[in-house]
Amino acid sequence: MLVVVARGVLAACLLLFLQSPSIRFDSGRNLFLLENWSGAAQLWPERGKEVFTVSVDAPNVPPLLGRYRIENKTLIFEPQFPLQPGVSYRAVAKIPGATAPVFLLLRIPKPNMTPTTVVDRVYPSSNVLPENQLKFYIHFSSPMARGSAYDHVSLVDASGKKVEKPFLELGEELWDPSGRRFTLFIDPGRIKRGLLSHHELGVALLEGKRYSLVVSKEWKDAQGRLLASDFKKTFTVGPADRNTVDLKSWTVRAPAAGTRNVLTVVFPEPMDHAILERELDVVTEAGAVIKGGVSVGSGEKSWIFTPDAAWKSGTYSIRAGTSLADLAGNMIDRPFEIDVFERVDNNLDRTTRSLQFKIN
Amino acid sequence: MTAFRITICAVFALALLTSTGVAVQVPDTLKAGKADLKSAGAMAFGPNGLLFVGDSMGGMIYALDTQDRTASQATAVEVTGMTGQIAAMLGTTGDQIQVNDIAVNPVSRKTYVSVSRGLGPDAAAVIVRIDTAGKLEALSLENIRHSSVVLPNPVNPSTGGRGGNRRLQAITDLAFVDNRVFVAGLSNEEFSSTLRAIPYPFTAVDKGTSVEIWHASHNQFETNSPIRTFLPYKVNNEQTILASYTCTPLVKVPVSSLKPGSKVMGTTIAEFGAGNTPLDMIAYNKGGQNFILMSNTTHGIMKFSADGLEKFESITTRVPGTGGVPFERIASITNVAQMDQFDAQRAMVLTRTGDLRTVALP
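Going line by line, the protein sequences match chains S and F. By this note's numbering, the letter at position 163 of the first sequence is numbered 160, and the numbering carries on one by one without gaps. By this note's numbering, the letter at position 31 of the second sequence is numbered 51, and the numbering carries on one by one without gaps.
Since the hints were derived computationally from the structure, they do not count as laboratory data. Note that the structure is a prediction, hence the values are computed from the model and not measured. Hints may contain errors.
Claimed, not checked - Here are the simulated DSS-like pairs of lysine-lysine, each with C-alpha atoms no more than 25 Å apart in a straight line:
1) S/Lys91 x F/Lys155
2) S/Lys230 x S/Lys245
3) F/Lys155 x S/Lys46
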């Protein structure tokens, strides 16, 4: 008899336990569920936060943004954003009439943090850069995290000493849409102008000296992982380049008609990689653009065009956007800086320039 | 990162008009629906609770109807650990968000904070509103009256897809002046200064006009380097853009000279010192005198008189360190990451440690 009673009490306790309100996290659907609470059926979803909240497990923080809904007598909270690996969350249900709140403490484990991302390449690729070099493009193998770029790039001289504040540090950080290419400008105030730099820190690069652009492996990628290795690009500094980009100095190596052979445009100096990729095209005498693929040649000193269809004999032009620039930011018909005031108004009035060639 | 967005006169006018219930004459072309911002960066208030937001990742400018039009007389706001609180709302930690800008609604005095949730290219755009009691709430972008305009990306249209079309225009500042939205941008490829003026209400066909502003920098050379922050301000009753650049020259350009497609020579009226980037500018009146307050990355807070700016000649010769318009360093306000006007006597600042608070204008 006693055993039967004990069993009955146990079963009742178990039933009571099973039917007590409880919180569960559905990781597959990113949902917090308040289950076994009969009051859910009578609750308007928009009043869900009066009963059930989820927050980061920290003192005095507001609850997570998200939406409430009721399904099968279960009050569901769907956070607006996926939970963050490595962060702990506290879900609390204050059931009306209950003596104590119901809790769930949830820690989202950190994913594998083994570094795999590396610096793929840096442009300019040349090992000799002008004294008034304007920028670098740093390409990564995976998307990177924003917000700390300038803490992880440095310019060091041949003795290993860091050049102080050589870069233009912009809060926006100049990334491409994929987060894999970072544009790093040298502070124009640190670029030698004319005879002297104005800046009290002096110029960043001096002709005849050797420097390294160093990327620290402490820089994190978009997954929060460090880089797999440090990266260093060493270069020597040549004379400043204050000449405009001049189409007349280019050499066009035209293929034969009837072939799909490449057309190559050779420049006397390296060009800005990113702008070169997009600012040239080939047009017919009537102005129609020839379709094809483009690659940038070694040292950014050539532009290689492969047509989709075989060349026909005739007269063509290389059409160049006037924002095409060399390593010092000198553009077509426009140097990076102008030292004669009157020239500002005489500036470019056209957006493209053309260089004719024939295919026979 | 943005400057005070409306001239001081305009703010008073707005406050007056809205508090008396008279609508400001801006045609309403907003439509309800999801404002699909790819990023939320520089912000500026227009009339009637209209918030302009720069979306650099999407290459767009949005006009959002915040429906926040109730005037407030609040005088002080303080939210300690604002960045951490916003991060917690977004289910993450302070090191996993970026605060991109703050803008104070000149009527309600609520502070709007543009945030990236996440640090990678897929970071979500969030705008958080903080009331004068310090309470945080998200501005829902799911169903909000809005309109938008696509900023032209000056990539050669025939070759634009090459190289994965990696060119982006970071929107560094914007302002609403006389039914136009002025937008300063900075490309991740070219180093140039383009100020775009876009008529509001936005239309599909009129994406505004762009103007290159050149200025003397440090000595006789001229560059068209990018504008970091600018302030629309009436200099001697002439609507002017006061633009500041990296290395901190201050350049004035009359709005009337900003003709479509033109190249304009700005007048460099001050050099505030190299090795520094200006962040925000606000204009105010104190004791009958007009001032401009400028926050900077390394030079802290500077204050200079805004009276008689028309009298300063263009700096065309070498300046040893600083020169032109005299300024005063304000030691009482430090550690400022973002700044906007709160009211006639106060600024709202976000500190580099993530605290939001009002401070008295010096």
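Verification of the hints:
1. Distance restraint check for S/Lys91 and F/Lys155: the Cα-Cα separation of roughly 22 Å lies within the 25 Å cut-off, and the hinted pair is therefore satisfied.
2. With a C-alpha separation of about 32 Å, the suggested pairing of S/Lys230 with S/Lys245 is violated against the 25 Å cut-off.
3. Under the criterion of a C-alpha separation no larger than 25 Å, the hint pairing F/Lys155 with S/Lys46 is consistent with the structure, at around 16 Å.
Hint 2 alone, counting from the list given before, is not met by this structure.
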